[in-house]
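Trainee: Residue-level listing of the chains:
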Amino acid sequence: MTIEEILQTPPFSLDKAAKSSMLTERLMSLTQRHIAACPEYAAMMCGAGFNSQSCESYCDIPFLPVSLFKALDLKSIPDEGVFKIMTSSGTSGQAVSRIYLDRVTASNQQKALVKIVSEFTGSARMPMLIIDSPSTLKNRAMFSARGAGILGFSIFGADKAYALDDDMNLDLPAVEAFLEKHRGKRIFLFGFTFMVWLHFYKELQKLARKPDLSAGVLIHGGGWKRLAGEAVSKDEFKLRLRDACGLADIHDYYGMVEQTGCVYMECERGHLHASAYSDVITRNHIDFSPCAFGESGVVQVVSVLPESYPGHSLLTEDEGVILGEDDCPCGRKGKYFHINGRLQMAEIRGCSDTYAVTR
Amino acid sequence: MRLHGDLESVLGAPPLAPFDDAVLAFFNDLSKALTMTREYSDVATFGFWCRRAALLKEKSKYDDLDCRLGRGVVFHSTPSNVPVNFAFSFAAGLLAGNANIVRLPGKDFEQASIILGAVSELLAGKHRALAPYLFFVKYPPDKALHDRYSAVCDARVVWGGDGTIAELRQSPLKPRAFDITFADRYSAAVIDADAYLSAADKQGIARDFYNDTYFSDQNACTAPRVIFWLGERKSEAKAVFWASVRALAKEKYSLAPVQAVGKLAAFYRAAAHIPVSLQERGDNYVTRVGVENADAGLMQYKYNSGFYFEYDLSALEDMLPLCGERMQTLTYYGVSKEDLSAFFSKHRPKGVDRAVPMGKSMDFALTWDGYDLIRMLSRKITIL
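Protein sequences appear in the order of chains A and B.
In case it helps, numbering that gives the first Met the number 0 puts the first sequence at residues 0 to 358.
In case it helps, numbering that gives the first Met the number 0 puts the second sequence at residues 0 to 383.
For reference, chain B alone in the conformation it holds in the complex (with noise of 0.2 Å):
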């Protein structure tokens, strides 16, 4: 496929005030079309939230867009294999009123296919106006390429982990350019044990989990690798919890070999260094490996396909050595979002850019690890 746009239409195209009407129409005919494609959720999901109802209730959320424009250029490098990512970065570029470079996966999704597609015939035909407002490039790490974008735009941001943005580095940018980076994070989940034992909906319960969790092999920066017991009746409450999970990922998940030896010899790596203990001895969905102290170099240990440190809290604030730098979302089913923010205005932790209710935690949001997209990618223009 002949991917939009080209470099000196962007160049060329003027900022645009934030959540332009020409944008919000543009992309509530994207939503159209992508709402009709059925066969992959996370197109739709994309497509559901780029509906106008959806983007003027976040525009809503903004009290100073009459003196924003953007900031004109983005660069985005988004991440080789997540097949939607690049889709919501470049939206919040040009609500926040860019012109777009966007650097495509590096696999070849048929989701990103459906979507470009989409961009490509709107683009062509009724938005034709949005056309220099959108170019999409496609190739693997190659520092030429790196430099060439990186020295016309005003913002970058780089998705993909640190091996990606110290690569995107070594590209200078002009001197009022900056970077928005997303690091390699990583996440947890905190669960009232006694609200959970007396949720009526346990099934909805592991849905919502299984969603944070397995539907990205648990290897998201969004996934949960740790989780926090609050409450009284915690050893009933893990039961119950963890048999419901793990009759659900034995019915949906494919779990491969490989999986199942490499979370065996995660445990044994973490096992050699700190106190941890294998929590039951069940199939290999669920690996259980209980914590004793919740020290900060625990997450070196992290795995995927399915694998949990499990603390327990006799406070939110427990949590803390945990909730350095790195940490990025807390999942919490059970605790108020009350006690959620004493925590933060009480501790003030390092870490931890937002907290879901669980089963949201991948439900991308205009403010992203702490980064309000929309204020950042535009600028604010003072007339005194």
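So here's chain A without its partners, still in its complex pose (with noise of 0.2 Å):
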């Protein structure tokens, strides 16, 4: 299948044998194609004894831990071919990944997503309330993850309205106006999980009359590791936005900067979802092999569109737990999990001093 083919089948129709087939086919289509055009990707694949011939399945091809983005410059396009870089959002001080897209990859994740999402969303636009400020996109040189994924599901927005200001307070007067314009609508929300949470949810908390978002579909996404302290599970979440303006409609996403487009999006019952782009595999950290479903490992993913840059097999630092695959209630084919959280940083011993360096 080439890629044009496969962004051509529906995100949640294959089952199990359908997708393994496809999957090896492109992901080692994929692999060929680093291995000729990144000199770096090619000495690694070398170094690592990757053979070819030996590999059965998609699940034999090797992994690139996501740190290598941080660490390297790599690109299976010339410096002329690069359309856009993408970076992470890094906290200051710490290096960020760099993604290097042509046209043709930009173009296809941004068609990867809109099949996904529109599974869950609808094909039709809808009114957009980004629940962030408007300066996270001002500079557009280099895409932050947050400025990547407002501007990625923009394309499902018509007329578009910010709920936070510049400061990051909440903009009621804006949404108020904007909710105003658009009634008996359905409406689109979209925001990071800790930029809802923190400055949508406990701002509307504090309001005598909220507004009501009963007809709205919201979208979040980017971990909820900024809510560790406080102590936020899944489904207060959801019940809490619920209780205070009617939203019901909610979906998490879990998707990367690495892996744009390819996102993993929350179904009714609570299932991260992977779509027929791409996988996970969750490995066991003692020697890589695959964990069981149900049982907690390294989340791997593999995505068949990187083809400006050799991502198409990435190990995350994130742990989940497949759920299942091809029988999630919701009736999607494709596996189902769950992410825990980040890997938990081990404390190393050694001579050299921590505190002179984490300053």
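Among the hints, a few may not be true.
Calculated lysine-lysine pairs in the DSS-like style (CA-CA distance at most 27 Å, straight line) [stated by the list, open to error]:
| id | chain 1 | residue 1 | chain 2 | residue 2 |
| --- | --- | --- | --- | --- |
| 1 | B | K336 | B | K359 |
| 2 | B | K201 | B | K251 |
| 3 | B | K106 | A | K224 |
| 4 | B | K201 | A | K69 |
| 5 | B | K379 | B | K60 |
| 6 | A | K137 | A | K180 |
Covered by chain B, according to a simulated footprint, are these stretches of chain A (three or more residues, beta-carbon under 8 Å) [to be verified]:
| id | region |
| --- | --- |
| 7 | 215 to 229 |
| 8 | 334 to 346 |
Simulated from the structure, these hints should not be mistaken for laboratory data.
Beta carbons: idealized from backbone N, C-alpha and C, even for Gly.
Build the complex from these two chains, which are given one at a time in their own frames, with help from the hints.
Mentor: Dropping the structure here:
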């Protein structure tokens, strides 16, 4: 199958056997492509003793730890072909990932995103309320993960408004004007999980007269790490938002800047789903063998999209557990899973000071 | 806990002769107090090291102590993440005849509390004459405090690596004072394959290797990052050696997921730049990275938690490109002292300050990183 054909496939229609043969063919071909076009990747595969002959399944393709995209400039296209560079949102001072996109990969990312998300929101564009501040998008030269997320999901929005001002305060007049303008229509809300909670929900809570968002669908992502101090569970997040503004159609998603486009959406049953365009494999950290369903491990993600950079098979720094495959009660095919969170930092011994370098 | 000492007393304490009787008596009692604690092997090791008999043996290695006195005040900045290093550091300062300002590790280690408790008790009682010679301080990096202690000391001993050294060097010393710095270093091991294969106690060798490496997450400057192989039957020896190390690590080492992922990333980082090959695909306890060229740049790809470069030698001199100034310790198995000695005198490497038998890499000695601490922290008086 060509990538065009793959992207024509409805995202949750392939069963295990069909998906596996499609992924194996496509990911093997991407591996060959990156070996031919990215010298660093070729050297890594050679050093690891990779032999395509002994690869029976896409599960046998080596996975690169995502941190490599911080340490190295990995791309499979000439400099002239770089259309944009995506960066992860690191805190200041930390290295950020740099992901090189050409027009084809960028466009396929958008196509995949539309296909996947439409399964949850419908294909009609809706008025979009972004739970963030307009300034997040101002620096267009470098796309932060948050900016990229907003921009990526903006294709589902018709008329757009921001719920927060540049100082991250709830811009209630703007929100009310927007809701008034689109009264009676379905509203698409998008934001990062911690922004939605800290700067939106918590402010709504303080209001005497809360806006009515019962006609809205919220998609949020970016992880729960920054809400760890708030001790809010997934269920409580949904419950409290519904109580605060009537918002009942809420979907978390899992995704990363290294594999933009292939998001993993949370279904009505609270499960994250792998689409036909990507997959998750959890691996035992002792020998990197695949975990059984139900067993927690380090999350590997594969994606059919990356042509401009060797990011089609990656080992994340997240821990997760695969709950099942092809049999989620929501009816979607493919694996469904849960992300437990970031891998715990380990305290490494040694002579060199940690306090001198971590300030 | 209130920390023992004050600045005024330290500055008023007159120098002592190296290995002063009162100092040896103090350490002997400290040794007794510490060897009673069984919970921490590093505390017990320090306790065993500072007993009188051991220190007298050290003393006997010096032939010019009669005409030596401590320099005055030594300011020690000890590493934040090694629990008992501060004790060896102040012991060297005190044995050389100095009063000591000791900046303790940044982290709260139970081991440090145990040692400090015993020291305080001895200095408040039987050994109160030595009370002015020790002053313990604990503070996060702070320029004003670095300045204060640096301005009054006669020698500054800085552990903790390049970052801390650069930071302390912002604080001026008195004109005659100087630094002894323990910078970021790395280490290697050399194993003779044939000697290894004929060894009876391969379990013991694995244990020694484990103590040199995994015990410190292979992240101490003394921990071998590269393994050199000598001899004829190298591949056979490697197979046996790594199988026994792997089995031991599996039994004793706790490998966190981030360490496993970090090692894989470290391998790929190296592979992207230099010709290396992953040596076997077992579990993640041992990561073996075969190296084609022993190039000086190799060590920028070093990693920890059981990540080893391996390089085959036809003779010891093949190690030379890696024996630059950053190389600290060479642990050896099956190589004779004569051969090592000949290597140093013939090839005169810029680095490698110690060659020690496998299993002994962490043993502290009064000559460390090439510095003779007793002589450097005392002054020699000439009377003509």
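Trainee: Is it true that the CA of K379 of chain B sits at most 27 Å from the CA of K60 of chain B?
Mentor: holds (16 Å)
Trainee: If you draw a straight line from the CA of K336 of chain B to the CA of K359 of chain B, is it 27 Å or shorter?
Mentor: Holds, at roughly 15 Å.
Trainee: When you check the alpha-carbon spacing of K201 of chain B and K69 of chain A, does it fall within 27 Å?
Mentor: violated (41 Å)
Trainee: Between K106 of chain B and K224 of chain A, is the straight-line Cα distance small enough, at 27 Å or below?
Mentor: Holds - the C-alpha atoms of K224 of chain A and K106 of chain B are around 25 Å apart, at most 27 Å.
Trainee: With a C-beta cutoff of 8 Å, work out whether three or more residues of the region 334 to 346 of chain A approach chain B closely enough for the coverage to hold.
Mentor: The restraint on the region 334 to 346 of chain A holds, since 4 of its residues have a Cβ under 8 Å from chain B and three suffice.
Trainee: Between K201 of chain B and K251 of chain B, is the straight-line Cα distance small enough, at 27 Å or below?
Mentor: holds (17 Å)
Trainee: Tell me if chain B covers the region 215 to 229 of chain A under the three-residue, 8 Å CB rule, please?
Mentor: It is violated: at least three residues are needed, and the region 215 to 229 of chain A offers just 0 whose Cβ sits closer than 8 Å to chain B.
Trainee: Is it true that the CA of K137 of chain A sits at most 27 Å from the CA of K180 of chain A?
Mentor: holds (25 Å)
Going through the hint list in order, the structure does not satisfy hints 4, 7.
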